[in-house]
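> Given next are the chains, with one letter for each unit.
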Amino acid sequence: MVRMDLTRYPWALSILRNRWPQFLLRAVTLAGFIFTILAGLFGSTVGSHNFAIIFVWIAWWTALKLIFIPFGGRSWCSICPIPMPGEWLQNGGILIPRGKGFGLNKRWPKALRGSWLQAGGFLLIGLFGALTLTSASVTAFVLLFIIVLAFVLSLVFERRSFCNYLCPIGGFTGLYAQAGPVEVRVKDAEVCASHAEKTCYNACPWGQYPLALKSSANCGLCMECLRVCPSDNIVVNLRPWGSDLGPKTKHRLDEAFLGLVMLASALVDSAVFLGPWGELKSAAYSIGSTPWFIFAGVFLFAAFVILPGFYVGAVLLSIQLDSTRITLRQSLAKYSQVLVPLGLMAWIAFTISFAFAKFSYVLPVISDPLGWGWNLIGYSNTAWVGQSTSLSLLLQIVILAAGLFWSSRVAFRISETPRVALPMIAFCGIFSYTMLWLLIG
Amino acid sequence: MFVLSGLLILIAPFPQSSKTPQKRLIRIEASSFQFTPGQIHINPNDEVTVELVSMDVVHGLSLDGYDFELKADPGQTVSATFVAEKTGVFRFRCSVACGNLHPFMIGKLQIGPNQLLIRGVALLILSIVAVFYSVRQIPQFQTRLA
Numbered sequence: 008m009v010r011m012d013l014t015r016y017p018w019a020l021s022i023l024r025n026r027w028p029q030f031l032l033r034a035v036t037l038a039g040f041i042f043t044i045l046a047g048l049f050g051s052t053v054g055s056h057n058f059a060i061i062f063v064w065i066a067w068w069t070a071l072k073l074i075f076i077p078f079g080g081r082s083w084c085s086i087c088p089i090p091m092p093g094e095w096l097q098n099g100g101i102l103i104p105r106g107k108g109f110g111l112n113k114r115w116p117k118a119l120r121g122s123w124l125q126a127g128g129f130l131l132i133g134l135f136g137a138l139t140l141t142s143a144s145v146t147a148f149v150l151l152f153i154i155v156l157a158f159v160l161s162l163v164f165e166r167r168s169f170c171n172y173l174c175p176i177g178g179f180t181g182l183y184a185q186a187g188p189v190e191v192r193v194k195d196a197e198v199c200a201s202h203a204e205k206t207c208y209n210a211c212p213w214g215q216y217p218l219a220l221k222s223s224a225n226c227g228l229c230m231e232c233l234r235v236c237p238s239d240n241i242v243v244n245l246r247p248w249g250s251d252l253g254p255k256t257k258h259r260l261d262e263a264f265l266g267l268v269m270l271a272s273a274l275v276d277s278a279v280f281l282g283p284w285g286e287l288k289s290a291a292y293s294i295g296s297t298p299w300f301i302f303a304g305v306f307l308f309a310a311f312v313i314l315p316g317f318y319v320g321a322v323l324l325s326i327q328l329d330s331t332r333i334t335l336r337q338s339l340a341k342y343s344q345v346l347v348p349l350g351l352m353a354w355i356a357f358t359i360s361f362a363f364a365k366f367s368y369v370l371p372v373i374s375d376p377l378g379w380g381w382n383l384i385g386y387s388n389t390a391w392v393g394q395s396t397s398l399s400l401l402l403q404i405v406i407l408a409a410g411l412f413w414s415s416r417v418a419f420r421i422s423e424t425p426r427v428a429l430p431m432i433a434f435c436g437i438f439s440y441t442m443l444w445l446l447i448g
Numbered sequence: 719m720f721v722l723s724g725l726l727i728l729i730a731p732f733p734q735s736s737k738t739p740q741k742r743l744i745r746i747e748a749s750s751f752q753f754t755p756g757q758i759h760i761n762p763n764d765e766v767t768v769e770l771v772s773m774d775v776v777h778g779l780s781l782d783g784y785d786f787e788l789k790a791d792p793g794q795t796v797s798a799t800f801v802a803e804k805t806g807v808f809r810f811r812c813s814v815a816c817g818n819l820h821p822f823m824i825g826k827l828q829i830g831p832n833q834l835l836i837r838g839v840a841l842l843i844l845s846i847v848a849v850f851y852s853v854r855q856i857p858q859f860q861t862r863l864a
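Chains A and B, in that order, give the protein sequences. Numbers in my numbering are just positions in the first sequence, counted from 1, shifted up by 7. Numbers in my numbering are just positions in the second sequence, counted from 1, shifted up by 718.
Possibly wrong hints are sitting among the right ones.
Each computed DSSO-like pair below joins lysine-lysine, with the alpha-carbon atoms no more than 30 Å apart [what the hints assert, rightly or not]: (1) K341(A) x K365(A); (2) K365(A) x K741(B); (3) K205(A) x K255(A); (4) K789(B) x K741(B); (5) K255(A) x K365(A); (6) K741(B) x K341(A).
Honestly, the hints are just simulated from the structure, not real lab data.
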């Protein structure tokens with residue numbers, strides 16, 4: 008498949024090699040992160056007038072799904088501020104590679120590896136989303152908890168254990184980065200094989216060995232391998248979308264669970280935030296009440312039983328139609344690839360209706376970030392009632408159809424024969440129709 | 719061919735409704751983050767008078783796609799009339815900050831058939847047909863499909 012190696016361009020190589028541009032971006036995001044926490048704690052309690060709510064849940068969350076992941080894979084992870092303080096301590100400095108810094112440097116427990124905990128974290132976001140997404144102080148406490156947790160874990164465990172195994176957004180970006188158009192790979196495998204020191208692996212905060220990279224799910228695009236390789240044997244490629252999805256890549260059972268959790272969350276968020284059911288919104292918001300427990304039960308039932316049930320059913324049917332004998336566990340893992348484009352496009356479609364209708368709040372909160380009556384750039388009172396336009400609705404339809412096309416194509420590519428793919432295509436069709444009904448119906 | 723078919727599905731005109739337009743009075747109660755009723759179905763060209771009643775704090779009602787907005791103080795009823803000239807499904811939203819879930823206080827007005835949903839279903843079906851066609855074009859799949 009066609010690849011464009013960015014390191015062939017001297018200007019791109021010098022930007023990627025130099026630690027300063029990345030550091031400056033991370034410094035900006037860290038400053039923004041701290042300001043967001045302060046705005047959430049001390050700013051207006053009216054969510055639409057508070058920087059914390061608008062910038063985290065409208066601007067950043069939208070940018071992540073519409074720009075960072077579709078055009079840069081895990082590019083957000085390369086400038087994410089959350090692991091920074093702990094990583095500096097681990098490294099024993101700011102602009103230096105991994106070394107002998109501070110911390111116990113223990114290995115993450117084997118039983119807790121994979122993306123199970125990340126999926127659990129994402130479910131928690133969904134369960135408490137109606138409160139977290141609308142309360143500035145709750146958003147601030149969640150962000151504060153996350154950065155403290157990441158810091159404490161970095162003192163105990165090696166490398167970016169928090170990002171690799173706990174961060175729900177890391178799970179989200181990692182899953183969908185497989186469909187993204189950026190990858191870090193090696194130029195010549197022989198060069199790596201003959202290099203005994205493995206400086207790239209030692210320097211990688213994600214614990215990846217570039218020679219073994221077959222998927223971009225766990226590469227945070229930090230570029231440390233590129234910087235420390237003594238043989239200039241690392242490349243950063245622009246590649247066709249979905250390059251990690253196919254018959255040759257290996258996948259795990261936890262990826263299937265993560266993919267299903269993401270699908271369930273997209274459905275539930277669409278129903279709660281964009282649907283006309285007021286009682287559902289109130290139930291999702293009134294945490295601890297009987298309606299909330301019913302909401303939580305239905306949400307978890309959808310995430311643990313309904314969607315996995317349909318998925319397992321589709322995979323079992325595929326196994327029945329397949330002449331090659333692979334186990335159910337292997338098939339569940341293999342077909343998890345189908346969930347990647349399906350979920351990514353569903354989240355993009357959800358975000359379009361969300362962002363188009365709510366983006367009018369962004370300039371006013373830049374003008375008055377704390378809701379204290381400031382008018383810094385003259386846009387304080389310019390928020391209008393957003394609305395879904397014909398264009399945004401048509402765009403959502405096209406994106407859902409593209410997601411169905413893409414995921415069905417992946418199902419075909421990884422199936423032994425075309426008819427083996429049919430149950431999985433039916434699963435994708437049912438999900439796409441449900442999403443369409445929630446967004447357009 | 720599939721792109722053209724997709725465009726046709728998205729823009730092809732639908733047959734006009736044969737139902738006679740009526741005058742309708744719709745009373746909508748607005749209370750903490752919900753409109754009651756939250757879903758309303760009317761016919762194209764109906765002359766609709768909306769009565770908005772606020773049950774707790776100040777609420778508004780703004781209808782997507784139409785220049786139509788109402789604001790009601792607690793306990794107050796306000797009304798206005800419009801002609802449902804555009805068909806489709808339109809969200810109506812609270813237009814006055816009324817609490818944390820205000821941005822998501824949404825109702826749904828369906829005028830005539832939901833053309834977008836029909837177009838969407840047709841496009842989903844087309845995308846599955848297109849994927850069958852596209853895998854036929856890849857040499858390694860031609861033997862499998864044969």
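> Going back to the hint list, which numbers does this structure go against?
1, 2, 5, 6
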